[in-house]
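Colleague: The primary structure of each chain is shown beneath.
Protein chains: 2
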Amino acid sequence: MYDLIILGAGPAGLAAAAYAINKRLETLVISEDLGGKINYHLTLAGFEGHEIITGADVVEKFKRQLEYLNFAHQIDRATKLVANNRHMTVLTQAGKKFDARAVIIATGASPQRIEVPGEKRLIGRGLSYSSVSHAQLFIDREAALFGCSGRALRSAAELAEIAKRVHLILPDRGEMDSVLGQKLRAHPRVTLYENYELREVRGEDYVESVVVRGKGETSEIPVQGLFVELGLIPNSQLAADLVLTNAAGKIVVDSKCATSRPGIFAAGDVTDVFVEQVLISVGEGAKAALSAYEYLLNQ
Amino acid sequence: MYDLIILGAGPAGLAAAAYAINKRLETLVISEDLGGKINYHLTLAGFEGHEIITGADVVEKFKRQLEYLNFAHQIDRATKLVANNRHMTVLTQAGKKFDARAVIIATGASPQRIEVPGEKRLIGRGLSYSSVSHAQLFIDREAALFGCSGRALRSAAELAEIAKRVHLILPDRGEMDSVLGQKLRAHPRVTLYENYELREVRGEDYVESVVVRGKGETSEIPVQGLFVELGLIPNSQLAADLVLTNAAGKIVVDSKCATSRPGIFAAGDVTDVFVEQVLISVGEGAKAALSAYEYLLNQ
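Protein chains in written order, with this note's numbering: chain L, 910 to 1208; chain C, 910 to 1208.
Since the hints were derived computationally from the structure, they do not count as laboratory data.
All values reported here derive from a predicted model rather than from experimental measurement.
Worth double-checking, as some hints may not be accurate.
Where chains are identical, the list cannot tell them apart; a pair therefore holds if satisfied intra-copy or between any two copies.
With a Cα cut of at most 30 Å, we get these calculated BS3-like pairs of lysine-lysine [what the hints assert, rightly or not]:
hint, residue 1, residue 2
1, 1165, 970
2, 1165, 1092
3, 1006, 1029
4, 1159, 1029
5, 1005, 1124
6, 1165, 972
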């Protein structure tokens, strides 16, 4: 019986593991890989080469610690989480079964894809699902952004402060009637494509253009990048029957990262907390570990 | 007129500044010093010398960035915060006046002192107000802990797992009737001093003993360290009339670090969020900056 099982080893899961082990909890991390799937950078404007903090540095250290403590980690996929009377059981793809007195869910979220030709091939080659992470690369370049949620419009506004031109492709009106939508409508560096579909992403090695269709016509827009901002799908299926989730499927947590069920905690992109940067995920993971520790002390 | 004024430059304030500047907000930090007053370490048990992550490393990088950007920082003390119709005004001890469209309060908290002879002189020399940060130093050593809140008892329980002996000095019953209190009562390495006062801390260069009084007698207990766990007093006076605070004076924030007043955000120890480790404060600071940025985009 472990004290704590952590599902997922992205920034939140790795930070939770480091803090839990530091608290001398018998800890097991179950994840398919270490470090999560995304590269995170925080580069201060005008600072290139002088002082750069990357969330990646912090996550890398946590990752090396967990690699060193290999007894504390299983490369596997949790397929089922069962809440028993006084403990939790995790079943895995490899057919293993682990018990713990507490669980932290840090399984992250996956970006919603458009599912069009060229998309998969050009991921990381000009196509990104996180403009908040990569907008800075578009100084004096043209980019397309596909999405119409409040978050997508915020990304477009931010991008428009940096890029030479933003082609904002809106599948429907979305949040365009908001204050921010009005600003984007009036913005000299934003071109709107309202009620347009995105049909294809083209480019040899990197994104070179996007093909859109609207008002009965198909056209090709030359761009150096495409941001797909259709939101994130939380990887919360495992716990969906056990804990409270919101309309978007995100696990609802309190300010201590506790879910609606005692003994189950959650951190990072899988939760309803505002997590856009790796150092926020790290903080949330640390918080979840300290909460679990406090919970276990009182058992 | 600044976009954003950040009050305080501990881990939360420094992280907020880094993220705000990265978002190209016109940012000013007002604080008396940079880096806050406490040293923070996270050393993994058994890891000394191999892989150590210190929150201090992260904070140090933020600090150097802000030192470099000296136009973004005023060494001064905010004495008054005024909320106007569409902006905030900060008045300082040096008689200056700064305006901003948004404010982040990250002024931290100060430990409650006992106010006894020897206390001030031995701070950092065996006397600490944060057992959560320094408990690990007490492997095979004897320590006294003064306090009776739930948090104090958790600290005592954690310390008892590490230290040779914990002398738990309880000014009153406090939370001793809880599950955790019962555990401490039965713990073989905990000696209880119920309804004892702490009268003096003694030691030449480092803590060597504490003088306590209870049951009509005064006695001296030899220890290598004293943890004073009387809680933290949030430095929230500046905003007390402007935003909602809880019974302990902590600023109430939502999961986006927003206070009850639009345009005023708060992060770190000054808030009601569970902040015990520097990397949690860093995450909260980052969150506050991104929230302020989002708020300003919608103005």
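Colleague: Which holds for residue 1006 with residue 1029 at a C-alpha limit of 30 Å: within a copy, between copies, both or neither?
Modeller: neither (34 Å within a copy, 53 Å between copies)
Colleague: Measure nothing new, just compare the shortest in-copy and cross-copy C-alpha distances for residue 1165 and residue 1092 to 30 Å and report within, between, both or neither.
Modeller: Classified as between: cross-chain Cα gap 23 Å, same-chain 37 Å, threshold 30 Å.
Colleague: Indicate which option fits the pair residue 1165, residue 970 if close means a Cα-Cα distance not exceeding 30 Å: within, between, both or neither.
Modeller: For residue 1165 and residue 970, the Cα distance is within 30 Å both inside one copy (24 Å) and across copies (27 Å).
Colleague: How would you classify residue 1165 and residue 972 at a CA-CA limit of 30 Å: within, between, both, or neither?
Modeller: both (24 Å within a copy, 27 Å between copies)
Colleague: Given a CA cutoff of 30 Å, do residue 1159 and residue 1029 count as a within-copy pair, a between-copy pair, both, or neither?
Modeller: The answer is within: 25 Å in one copy meets 30 Å, while 48 Å across copies does not.
Colleague: Regarding residue 1005 and residue 1124, is the shortest C-alpha distance of 30 Å or less found within a copy, between copies, in both, or in neither?
Modeller: neither (55 Å within a copy, 57 Å between copies)
Of the hints listed earlier, those the structure fails to meet are numbers 3, 5, in rising order.
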